[in-house]
Amino acid sequence: MGISLAELARRCQAELRGDPGRIIERVATLERAGPADIAFVVDARHRAQLSDTSAGAVILHARDAGLFTGNMLLSQNPRLCYARVAAILHPEAKPAAGIHATAVIDPGAVVDGSATIGACVVIEAGARIGTNVVIGAGSYIGSEAVLGAGTRLHPHVYVGSRCRLGMSCIVHAGAVIGSDGFGFAQEAERWEKIPQFGRVVIGNDVEIGANTAIDRGAIGDTLIGRGVKLDNLIHIAHNVEIGEDTAIAACVGIAGSTRIGRRCTIAGQAGIVGHIEITDDVHITGATVVSHTIREPGTYSSGAPLETYQSWLKNAVRMRQLDDMARRLKKLEQKLSMFSEGGKVE
Amino acid sequence: MGISLAELARRCQAELRGDPGRIIERVATLERAGPADIAFVVDARHRAQLSDTSAGAVILHARDAGLFTGNMLLSQNPRLCYARVAAILHPEAKPAAGIHATAVIDPGAVVDGSATIGACVVIEAGARIGTNVVIGAGSYIGSEAVLGAGTRLHPHVYVGSRCRLGMSCIVHAGAVIGSDGFGFAQEAERWEKIPQFGRVVIGNDVEIGANTAIDRGAIGDTLIGRGVKLDNLIHIAHNVEIGEDTAIAACVGIAGSTRIGRRCTIAGQAGIVGHIEITDDVHITGATVVSHTIREPGTYSSGAPLETYQSWLKNAVRMRQLDDMARRLKKLEQKLSMFSEGGKVE
Amino acid sequence: MGISLAELARRCQAELRGDPGRIIERVATLERAGPADIAFVVDARHRAQLSDTSAGAVILHARDAGLFTGNMLLSQNPRLCYARVAAILHPEAKPAAGIHATAVIDPGAVVDGSATIGACVVIEAGARIGTNVVIGAGSYIGSEAVLGAGTRLHPHVYVGSRCRLGMSCIVHAGAVIGSDGFGFAQEAERWEKIPQFGRVVIGNDVEIGANTAIDRGAIGDTLIGRGVKLDNLIHIAHNVEIGEDTAIAACVGIAGSTRIGRRCTIAGQAGIVGHIEITDDVHITGATVVSHTIREPGTYSSGAPLETYQSWLKNAVRMRQLDDMARRLKKLEQKLSMFSEGGKVE
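Protein chains in written order, with my numbering: chain A, 4 to 349; chain B, 4 to 349; chain C, 4 to 349.
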């Protein structure tokens, strides 16, 4: 097995320097790579390791070509080149099509003959499973849910009734798509449930991480645009809308009815309040709380900096005195400016 | 199908204005509603949309009656009226009673004949499943666990041994009720597990969100009071107690042995330390860290405000200097007051 | 049943005072304990309850022996002594070995005859399940995954292909071990998946909480050292390394490639950015954001303090003005020092 460097270069549209016949079997890090491995350089740390590598070939940015004397694939986007090389050398095992004997499929569901349905999967009436879909063991597909062609659910995924996933989506274990939104009316001191009968509608090429939960809309739908990437343990509340190609890291929570634009990035543990809008091309740093609408593209942050506990104890208590400090500062400025004027008069 | 406006008014105890015979088939937003739809107005944004709606009827607060000329249901609590209208028009599909052929039920479990047990459900010895309970596919009910009448578990729910849910609870996919608490004793540098053999005891009318985890008590029980509403991805540690009618939004974490009162609301991503008490009627805003006991009802917050990254970089570094700034401010005040006194003397 | 106090003392290496023949049946809190119960004292609150307890025996620190007149077990580490007594009196039910009829085990998997495989468990080809392993109902073991002797998975656990758990691990319901890391290359505005084919490799005596997710490495492995304890709803990204005996509380997120040392403790909701190192014996307080490498052992914090909402509104707005305030403070100091000099000159 293995693939020649020439073939890799051709399929990844990279420029080859060195031995076109070198056979590459796998990708590896620069430190661990041997003569049948291809490694990659995307940052300064990698560049420093180049001189010591035993890799059979290396993927480099074209401008770094001078840093290495061995076989190389040059690319304007070495990370992308690496992604493609890795996908060629390490193709994901595609299970054989077919329905496992223990799967429970309602006669009213439509499952394409090319689909792979794992053990103990449950598919309810009216669900439609497209061509080449893979549904991992123990997953649940609610009534009238739709999975587009080529979509892959890992084991233990839940897709609620009437929810729709586009084509070529990937959903990791434990993800819940289409739980009820958190909607209640108050009567006296008690909460009464507001029925949640919207859907989750997900575009093509969306990836959803492990144990992430996406609530269905209350009336309308929760919308996840094409190409959106969601990491693990994310909460997306009812009627949220996320624009195309936005990427959201782990542990983020997004409250109800908020609309996030296209090409945004939201780093881990950020929290976004409900009923606001975030425009396209906004970047939110880690653990930031987004408390209001953002109309201007750019990078936004909140939060206090790391320090030793001893130092933090002294500083944190002052945060409660900040308004008082600001007022006292202002007063001092006024007093001093009176002095100065007094001084000039003399 | 559909229901006359007169009938809806009667069943929801709303005041009807307009055509009592108008047949309503579903709820919809003001923007999308057509002549067979009923919409609702609960905020200023809705009021602004009233003039353009094609809704067959609208639910309004009684004081807003003058804003609309079409058919309406008037209520002192339009959100509650909406919740009830929606529940009537969009009743949740109740699966037929019975035990799926693939369910694995220990002979020592007691399952009421009116219960619905989904595919691949596992119920251990000694568990008791009440009347009209629905257990979704793939859920697990541990030994001697008890589910009260009318409780509904969505698919993929875990209920640990001896845990108890009251009547009319709703539990969403992926929720874990009765995992071990995080309790360890230290011996030299190693952690030794402290057995966790308490239970989770949940009152009536509790709702639990997707992928939320509630640990069993270490010795005593973790207690969730009647009417408590928990959103998705919440962590509730061992021996926590949550009072009746408290609502907790997504991504909140509550550490061990903390007691939260009745009618509290805790917004998303808040964190609550262990071994404290929060009295009744306390409201915690989003992402707030509750570090100590709260004895007074009211609203509490913590956290830094959103700003641009550039601005945040400059301000955050100053947070580490706050104590120093406070001391310097104090010194300036003292210096200036000496000057002032000096000035007076002159 | 029950065990004599003498026997408990012997097995837990505690010093017995009082009646060696007293039969103890269970552990209980000081408040609830009766004559057949043993209670424990590990903090001041417990010491205050000692005079009122009806416990048949009490576990105490040796230095507290004078506080109680009844039967007691004295230990230098009463918490550890309690953990051991509880484990003796409340042994976890060990299900009978064997493979449930509904389990789906690939003929290419190797399952030790002493293992217990629950209902609806799925085990893929090449997996190896060690002696005395227990796999709870509905769990999934991917191809070529390895579970070491004595490891126990609660129901609904996911272990991805080729991942390895050591001996005597405990994994709680809903945990996901070996989901894909969040790795993408960007091409124009779109994200292209970087294949994730590393593993998760977990040492002996590791405990993993409910609904926690651990991503597999991108190329190399994600490493969880011996004795690590992970609470619920934790996110561990690809290629993270966690040193031995480190304990991490619920809702923590750790971004990719970060290395955490040995014997660290990380409190709930902390967030740790990617590509940094945290040395041994570091303690992170709750909700702290760790934004950079920590080279010195010690305790570290970040975050703003709890206050009333009204007070917070006034203070939080000042956080955005902090840099301005710091500059104005500096200016005042300069001005005043010029005045002082001026004063001296006169």
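Some hints could be false.
It does not matter which identical chain is meant; a pair holds if it fits inside one copy or across any two.
[Unchecked claim] List of simulated lysine-lysine pairs, DSSO-like, C-alpha gap at most 27 Å:
(1) Lys-317 x Lys-334
(2) Lys-97 x Lys-317
(3) Lys-317 x Lys-333
(4) Lys-196 x Lys-334
(5) Lys-97 x Lys-196
Derived from the structure by calculation, the hints contain no laboratory data.
Here is how each hint holds up against the structure:
| no. | hint | verdict |
| --- | --- | --- |
| 1 | Lys-317 x Lys-334 | both (24 Å within a copy, 17 Å between copies) |
| 2 | Lys-97 x Lys-317 | neither (57 Å within a copy, 51 Å between copies) |
| 3 | Lys-317 x Lys-333 | both (23 Å within a copy, 15 Å between copies) |
| 4 | Lys-196 x Lys-334 | neither (53 Å within a copy, 57 Å between copies) |
| 5 | Lys-97 x Lys-196 | between (43 Å within a copy, 17 Å between copies) |
Violated hints, in rising order: 2, 4; the structure is consistent with all others.
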